[in-house]
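Asks: Residue-level listing of the chains:
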Amino acid sequence: MNSLWSVILATMVKDIRLEWRSKDALNSMLFFSLLVVVIFMFSFDPLAEESRHIVGGLVWVGFLFASVTSLNQTWARELRNQVLDAYRVSPAPANALFLAKALGNFIFVAVLEALMTPLFVIFYNVRVVGPAWQLLPIAILGTWALVVNGTFFAAMSLRTRSREIMLPLLLFPISIPAVVSMVAGTTAILTGEESAHFYTVLLLTYDVVFTTACLALFGMILHAE
Amino acid sequence: MNDPSTSIIIVNNVIKQFGRFAALRGVTAEFDAGQFHAILGENGAGKTTLLRALAGLAQPTRGEISIFGKSPREACREVGYMAHPSLLYDEMSGMENLRYFARLYGIAGDARCEEVIRAVGLDPELTRAVGQYSQGMRQRMSLARAILHDPRVLLLDEPFSSVDVQSARAMAALLKGMRDAGKTVFVITHQALLLEGVADEFVWMHAGQIVDRTASLARSGSSAGDVQ
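Quick note, the sequences are listed as chains A and B, same order. For the first sequence, numbering that gives the first Met the number 0 gives the first residue as 0, with consecutive numbering after it. For the second sequence, numbering that gives the first Met the number 0 gives the first residue as 0, with consecutive numbering after it.
Derived from the structure by calculation, the hints contain no laboratory data. Among the hints, a few may not be true.
Said to hold, decoys possible - Here are the in silico distance ranges between beta carbons for each label pair:
{"id": "1", "chain 1": "B", "residue 1": "Gly62", "chain 2": "A", "residue 2": "Ile15", "range": "41 to 49 Å"}
{"id": "2", "chain 1": "B", "residue 1": "His205", "chain 2": "A", "residue 2": "Ile106", "range": "46 to 54 Å"}
{"id": "3", "chain 1": "B", "residue 1": "Ser160", "chain 2": "A", "residue 2": "Phe41", "range": "53 to 61 Å"}
{"id": "4", "chain 1": "A", "residue 1": "Glu224", "chain 2": "B", "residue 2": "Asp211", "range": "38 to 46 Å"}
{"id": "5", "chain 1": "A", "residue 1": "Ser2", "chain 2": "B", "residue 2": "Gln134", "range": "39 to 47 Å"}
{"id": "6", "chain 1": "A", "residue 1": "His196", "chain 2": "B", "residue 2": "Gly62", "range": "24 to 32 Å"}
{"id": "7", "chain 1": "A", "residue 1": "Leu34", "chain 2": "B", "residue 2": "Pro84", "range": "31 to 39 Å"}
Keep in mind the model is a prediction, meaning the values are calculated, not measured. Ideal Cβ placement from N, Cα and C applies to all residues, glycine included.
Taking the hints into account, I'd like the entire structure generated from these sequences.
Replies: See below:
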């Protein structure tokens, strides 16, 4: 157990260090999200009341698309110089690598969300009617839902020739229940028209099921030829 | 043929297919502890596939490999693997790379990392990223990564490629020292002359099979092939 956490920590620190030096994932995510905000702003000119109904969808679709660029980068750096083979020949558990990658992606996407959310609020003139604190569990559970499946499917499409296309093809359909819950939960809180409790529980269930499935299957993905 | 009772590595009728192409066609061999084996053969002979199978990176389509009585993956703590690519992160320094890989083997602290970096003739204080190293330095750092956990078996795929003659000789001497310390060393090379007087055995591969095992570079009834 101790070794599992020390490998997770070492891999996360290594990934954050590599990202800090290259800024590949963060730059592309930020640029993409900024484009989404600006394009949607010119496409719609909603009133404050309308904003509350649509901004949940805009935010989460924007984050979903942006996170794909980060998820592809995560594994791409393991392919350069075949570094992944060094992990595969080591006694380190496969799940430690998966959890480290998923947690690392969670941090990158969370940073993106922290930077982009104020822009959404300003550009779309969003005022929260419901209990604003409930946005936090929705954001945490929703982000984990995106990155846990994204990390898994990015690893799965790692050795395919067109992995940039494969990842969204695999990830988006399976993320539909999570995205629907994230959007509906966010809209419920923004408008204050209904409770977000149901969507939070749905997201929690989704996260538990898919995290368990990914952990159970990742060893096979890592050691596949 | 080696005595099976002292063999630490047993390869039993291993076949490895990639689609319809057979990279290994029924390889059977036994290898003793503390020996230096140079694996020779033309491109496509199956040398790298055999080494990857021994490292647990390629699962045989048929047949079995046993290292110290375990499967290659179970025996991973006993095996050090150096591939043709460096298996290092270009954006990090040598020390940062080794520190990370040390954690994968449960090695705490920097002492062992510094020791192996010095053993391969590099400076642990070097802060340059590996991507800015010369090819020879990268090869040596790659060797440092492979020996980091003090494995009993070393599998090295072309450690002397793109390395100048002097550095290659220094690496060969280092490997000989490891053999003398009881390690079992496998080296794939196209520069076999470097290993004359160093290797205990030359293992000749052709078309996915081991076709000969000799104590010197001279082969009976056959040319030296690609030996330079």
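Asks: Could you run down the list of hints and mark each one as holding or not?
Replies: How the hints compare with the structure:
no. : hint                                 : in the structure
1   : Gly62(B) with Ile15(A): 41 to 49 Å   : 43 Å, holds
2   : His205(B) with Ile106(A): 46 to 54 Å : 51 Å, holds
3   : Ser160(B) with Phe41(A): 53 to 61 Å  : 55 Å, holds
4   : Glu224(A) with Asp211(B): 38 to 46 Å : 29 Å, violated
5   : Ser2(A) with Gln134(B): 39 to 47 Å   : 34 Å, violated
6   : His196(A) with Gly62(B): 24 to 32 Å  : 58 Å, violated
7   : Leu34(A) with Pro84(B): 31 to 39 Å   : 36 Å, holds
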